[in-house]
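Participant: Hints given; two lone chains; assemble the complex.
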Amino acid sequence: MRLLPLWLFCALIGVWLVAPALIVVPLSLTDKASLAFPPTGWSMRWYANFFTDPQWVRSLLDSLQVAAAVTVLATVLGTLAALGLTRARVRGLSLANGALLTPIIVPGVVVAIGLYGVFLELRLIGTFFGFLMAHTILALPFVVIPVAASLRGFDRRYEQAASVLGAGRLTAFRTVTLPLIAPGIASGALFAFVISFDEVVVSLFIQSPYLRTLPVQMYSSVTRDTDPTIAAAATLIILTTTVLAVLAALILTRRNRAS
Amino acid sequence: MTLLDSAPGTAGSGRTPDTAPARAGAGERRPALLLLPALLLLLVFFGVPLFGTVWRAFTDPQPGLANFAWFFETPANLDALGRTFSTAAWVTLFALLLGYPYAYAMTLAGRRGLTVLTLLVLVPFWTSLMVRTFAWVILMQDTGLINQALGAMGLGPLHLIRTQSGVVVAMVQMLMPFMVLPLYAVMSGIDRRHLLAARSLGARPITAFWQVYVPLSLPGVAAGALTVFINALGFYVTPALLGSPQDSLLSQEIFTQVNGLLEWGRGGAMGVVLLGMTLALLAMGALTLRFGGRRRGR
Chain A
1 MRLLPLWLFC ALIGVWLVAP ALIVVPLSLT DKASLAFPPT GWSMRWYANF
51 FTDPQWVRSL LDSLQVAAAV TVLATVLGTL AALGLTRARV RGLSLANGAL
101 LTPIIVPGVV VAIGLYGVFL ELRLIGTFFG FLMAHTILAL PFVVIPVAAS
151 LRGFDRRYEQ AASVLGAGRL TAFRTVTLPL IAPGIASGAL FAFVISFDEV
201 VVSLFIQSPY LRTLPVQMYS SVTRDTDPTI AAAATLIILT TTVLAVLAAL
251 ILTRRNRAS
Chain B
1 MTLLDSAPGT AGSGRTPDTA PARAGAGERR PALLLLPALL LLLVFFGVPL
51 FGTVWRAFTD PQPGLANFAW FFETPANLDA LGRTFSTAAW VTLFALLLGY
101 PYAYAMTLAG RRGLTVLTLL VLVPFWTSLM VRTFAWVILM QDTGLINQAL
151 GAMGLGPLHL IRTQSGVVVA MVQMLMPFMV LPLYAVMSGI DRRHLLAARS
201 LGARPITAFW QVYVPLSLPG VAAGALTVFI NALGFYVTPA LLGSPQDSLL
251 SQEIFTQVNG LLEWGRGGAM GVVLLGMTLA LLAMGALTLR FGGRRRGR
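Here the protein sequences line up with chains A and B, keeping their order.
First residue of the first sequence? That's 1 in the UniProt record's numbering, and the numbers climb one at a time after it.
First residue of the second sequence? That's 1 in the UniProt record's numbering, and the numbers climb one at a time after it.
This is chain B alone, in the form it adopts within the complex (with noise of 0.2 Å):
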């Protein structure tokens, strides 16, 4: 329907003003004016800046390519890549594990019942990521309460502060939210009957739900997963107060390399890496949830 409307006012290129068809289509044209004052501030104060990054990485000190041979012959840019894609995973993984069941529960659960758990898993969304990390240093602290907790149950002390599992623990809670809510849009579309007409083909329960219905719960866990992952590759806050310096991630390294070394070139590099990494996710996940979809649709 939009291809036909915009045929008229848009195809020529030669048309004049003056002639109905380009009339009609100029009332239809001028709302595209609305959009331009967020266009310019976008590209003067988000195109711009983020193209002197790519710019910088391919010319500073020298153009070409040294900062990217810099970058992937270093062991310890290659580690900080590494931690950076597998602490990603790890939050993926368990922020999947533990959202799963609580999306599952949403389905199930009453209007009340419904409403408490979106609010709770609504709470570190409202929460400041600020005041949130603070709490994790203070939760993690070796004398914090969870230590004061394990050790009331005669567990020993856990070094949880300045450790890649402290800093996982941390972000998966902050990243629920984006794992949770589409795993519950997809699962609530779920028509419960596909799960009663598989037990009453024969499947006990578990089989219908692992073959009936986290099957169709698929597209949720695509989307979910893919929210989390990418968040969690951007982090910077999180893993520089919770983590351990001697292994940081790449947005620390990328931090380091401008602010304290002014290799602008090489942070522009490692920025360049980390964005490449998040848009080829990105791809991934958009064909997949294609693909997907499609072969659903049949």
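Next up, chain A with everything else stripped away, as it sits in the complex (with noise of 0.2 Å):
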């Protein structure tokens, strides 16, 4: 009991991180064209304006697309530098490794206008390539970290054994490495998902009115007027965000529980 402030504490603490997710939820619900807290009445009708209105359905659409694309990538193109970094023996690795991780520390905007500079020259403002490349880099780090982590922890006389036994390199790798370091790259991939997926301040750059995201289309609707719509917009986002955590939640107890 000598301990119930410091409880008392967390739960206020609790409530006021959590706060702001929940009350996006019934605000999309209200019946009124306002955002006024707490609704009076209940209507579907928002969700029913977000699905069509085509501005809000392409940047949904925009967005899971440029997030699919994105995840594919970066799980690839991380997954191998991982191996890289993990296996490789040669000078300067660890520049590398600091060079990947790089993009987590320099500030969004001074990417954004970076790139907003190089995509006015190359003609990729708007582009599905350029938003492509753009989160790709962006959501590098965050494949390469978690998969990283799992080679290290990789005990490779697998590898060996299976080697031994007659397998070919790449063999051994599709059929002994892969499975063990999957949740690594799974957490991976769901990071990369999540960042392209949320990521506002370089899409602000790099859109145009042919693409834009759905952050960015939720931006310009904040700036401009109080349309519940947007309500509805976020909670989307917050559903498709929360199915992931729980995936991710559910790959992490599994390795907890294979290690």
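Derived from the structure by calculation, the hints contain no laboratory data.
Possibly wrong hints are sitting among the right ones.
[Claimed, not checked] Covered by chain A, according to a simulated footprint, are these stretches of chain B (three or more residues, beta-carbon under 8 Å):
no.	stretch
1	102-108
2	253-262
[Said to hold, decoys possible] Partner residues aside, some chain A positions facing chain B, computed with beta carbon under 7 Å:
no.	residue
3	L8
4	L77
5	L83
6	G108
7	L115
8	Y158
9	A161
10	D198
Ideal placement from N, C-alpha and C gives every residue a C-beta, glycine not left out.
Facilitator: What follows is the structure in structure tokens.
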């Protein structure tokens, strides 16, 4: 009971941490055309609005497509890089490691204006390829870190055993190494998806009326009006990331059990 | 060990690939090729843009230091720089004041309690930045939930939105995981018997906590504070949507210069200042952590 004040404090902090995410859901179900809280009546009209407005639907589809492509590219390149980092014995490895992690350190706006300049010259503004490249760079560190961690915890004698038993290098990698480091790759892939799906600052610079992602659409909507369709969009984003977070938690508990 | 391993393969420059030690080295060098695709992408879409920004800061519209001179001679810019710094400092201070007891509670909680506390602190991490900012805009409106609650308690309405305090409150919530997680990582490794030892030597609980526990947790404090501070320096969306345009931060000024005024050189110079501050802090942090680690090792 001596600790009661501490637990009360934690409960308050918990409410404060979760409240912003919780308030959005009821707001999206209001029947009024304003974002007043608490809502006085309930309706699904803002979801109907979201799914019938071409701008919102297209930004959602753009976001999903970009994020899916980023997940594939960042996961493949990040996994290869992690393999290189943990297995090569050459000079400059720590430099390469540092280089791969720099996108985390450099402030988003600085990355954004740099990419904006390059994209203007290469005519990549508002292109799928431009979004794919920009988001992949930002997601790479978040793939390299978990994959390299699982490779460092991986006992290479399994691989040697496979080759002693006659497996080629690729077969050994595919049938022995890959399944064992799969949880690390999976959590890297999830991070890549969420980072691309969430990214705002760089996307604000490289968007065009023809290609803009959902967070960018939300950003311009927040600055313009108080249409509850934003709350519906926000709830959809929360649902997506919650599903992914639960998936990640399941993967992580499986990994802990395995080790 | 790695030094010895790599010595035969990498030391000689004119060695032919056919000699035995070089062949042994080649087997260890080949995996380095796997790094190439990622590094190439990084070079083109990160290195080149970053270099371009720095280049423009020194050359656009004319070569020289004019953009930096402009930056440091314009009072409004120095105000933005100061505000960026003070906002990041307040965010770090509050994150530490709230995060320290929270992380401490995590070390005392049982298994289930720990899971709950961890999940709670990870919620802001998993909720989209845009969604969180939007939610804070709604909560902090003059007629929003916070002011309704304050009104019900008989307290006057507070102006939260479009103020620096509002921005700080929202940013602390967003950056809490970066404070709590490193703190917990260090605290969970602290042997509580140190506290018992201090108590048995006659220290009162508070004295034991301040003189034994807090110093042992300092590496966590340093790591958490550094991460929060650096993240806060570069925040754009939250101050742009929650803050007042008159009190803009450096990242907003950069956005305006480049996107609104097409002043690439000036925007670039601001970017270099922001990046320089971030790197300087990181270097300082790395030195502090290394120094602290060495002192503890002795």
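Participant: If a hint holds in the structure, say so; if it doesn't, say that too.
Facilitator: Hint check results:
no.	hint	in the structure
1	102-108	holds (count 4)
2	253-262	holds (count 4)
3	L8	violated (10 Å)
4	L77	holds (4 Å)
5	L83	holds (5 Å)
6	G108	holds (6 Å)
7	L115	holds (5 Å)
8	Y158	violated (17 Å)
9	A161	violated (18 Å)
10	D198	holds (5 Å)
Of the numbered hints given earlier, the model fails hints 3, 8 and 9; all others are met.
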